[in-house]
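Guided by the hints, dock chain B onto chain A, whose structure is given.
Those protein sequences? They're chains A and B, same order as listed. Sequential numbering from 0 applies to the first sequence in numbering that gives the first Met the number 0. Sequential numbering from 0 applies to the second sequence in numbering that gives the first Met the number 0.
Don't take every hint at face value.
[Stated by the list, open to error] If the Cβ cut is set under 10 Å, some of the chain A residues that face chain B in the computed set are: (1) PHE81; (2) ALA108; (3) GLY122.
Just so you know, these hints were derived from the structure itself, not from any lab. Don't be surprised by glycine CBs; every beta carbon is placed ideally from N, CA and C.
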Amino acid sequence: MKHLISIRDMTKKEILNFLNAAEKIEKSEMRPKFPDSIMSILFFEPSTRTRFSFETAMKKLSGKTITMSGSAGTSMEKGESFADTIKTISRYSNIMVIRSAIEGSVRYAAEIAGIPVINAGDGANQHPSQALLDLYSIKKTQAGIENKTIAIVGDLKYGRAVHSLVDAMSHFAPEFYFISPRHLRLPKKFRDELDRKKIKYNECAEIEEVIPALDIMYVTRIQRERFVDIEEYEKVKNSYVLKPEMLKNVKNNFKILHPLPRVNEIDCGVDVTPYAYYFDQAENGVYIRQAIISILLEGAQ
Amino acid sequence: MKQLKVDAIKDGTVIDHIPAGKAMKVLNILKLKDSDVVMVGVNLASRKFAKKDLIKIENRELSGDEVDRIALIAPDANISIIRNFEVVKKSEVNIPEKLSAIIVCQNHKCITNTEPVTTCFYVEARNPIMVRCHYCEKSFGADEIKIAGIPVLAVN
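Bound conformation, chain A alone:
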């Protein structure tokens, strides 16, 4: 692979290749180093953990980073096109990470940059490194990744992390439970695709009824701004809050994942249970991003 743009582009073998490399890096069985490489990080949209995670990953690989956050004070504010910015910055660096609100912009950047490009989120479209770290977290906690029962809770309509995760897990024969308010349900095109792939899924409104069946619960934030009717938001917001007392009949291998940031959808009391895995998951993001950078830089050499 030359770039990491979309989970849709990836075969099962390519996904597993990233997961296996991350595992070797975490266990120090593989210590790739790129002391002469510079990573340009172009974040046109705000982010904390994804940007820090990529910076940390590159620094752990002995590489260097140059970072642009937002377009304020840059040549783009003076009217430079996105294409010219990409073509210029690509001459300063060996690999590029981009986050942008414009959907498809990172694929376009990959076509004109001449160096490996990583998509760190393009609007509501894709966030493939998040999906890979989610898969890595599932694989690590479940001793395997095939045939898992996974609930995805919260905003299933707009969440790009959810969409990328559904696409990525589809290679591994999962059974999904989709738990969301009615108007934030998983879009039809994703449900149709699951039907085509013959992947079993259930849609439900309540968290508690499905918990005992689950290997993984993936919780996402329900954002107030997604609701036209604020009364409707007030009505549903507490139905999707995970509390410690709801975790009585869980399987031993059960783990809770969350792409973070969390607001109130997981009660802090859950953090001390053996099921909370979201901060470990954030740490896994560094290993998977080390793997992504290494594989793409090696491919470019």
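Just chain B now, kept in the frame of chain A:
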């Protein structure tokens, strides 16, 4: 001898089996000149469908790009090339797997609507038609497809 409702042409192209009511939309995508002689039949009787539209254009053969565009509107159309009143070539239109610079992405947040990027769509399904943007990855059905250079919802 069968009486033709639309006059025969000596040289040119006949586009037959256009879904009834869509002839004007097909005309929209043909880059016709003021001097082109065109005959249009609307709601004609058809053996294949209950009704059909038909277009005859004199002294003109269509480009591959035009045929691809017609396929989006009239996937069952036949195209006949006429020379000296004889059909010298007859072909069915075929929606290609990939459409470059033909469809405009209807996702306003797509890069193709903010930068001068040539659009590219993949045909995911043919009947009913469904296309997916190479860049923003959004899928669009027949009622959402906008063909470059003609008004929105022209495929309907």
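Against the structure, the hints come out as follows:
Hint on A:PHE81 holds. Least Cβ distance to chain B is approximately 5 Å, under the 10 Å limit. Interface restraint check for A:ALA108: the shortest CB-CB distance to chain B comes to about 9 Å, inside 10 Å, so the restraint holds. Contact between A:GLY122 and chain B, as hinted, is supported at the beta carbon level, the nearest pair being about 5 Å apart and thus within 10 Å.
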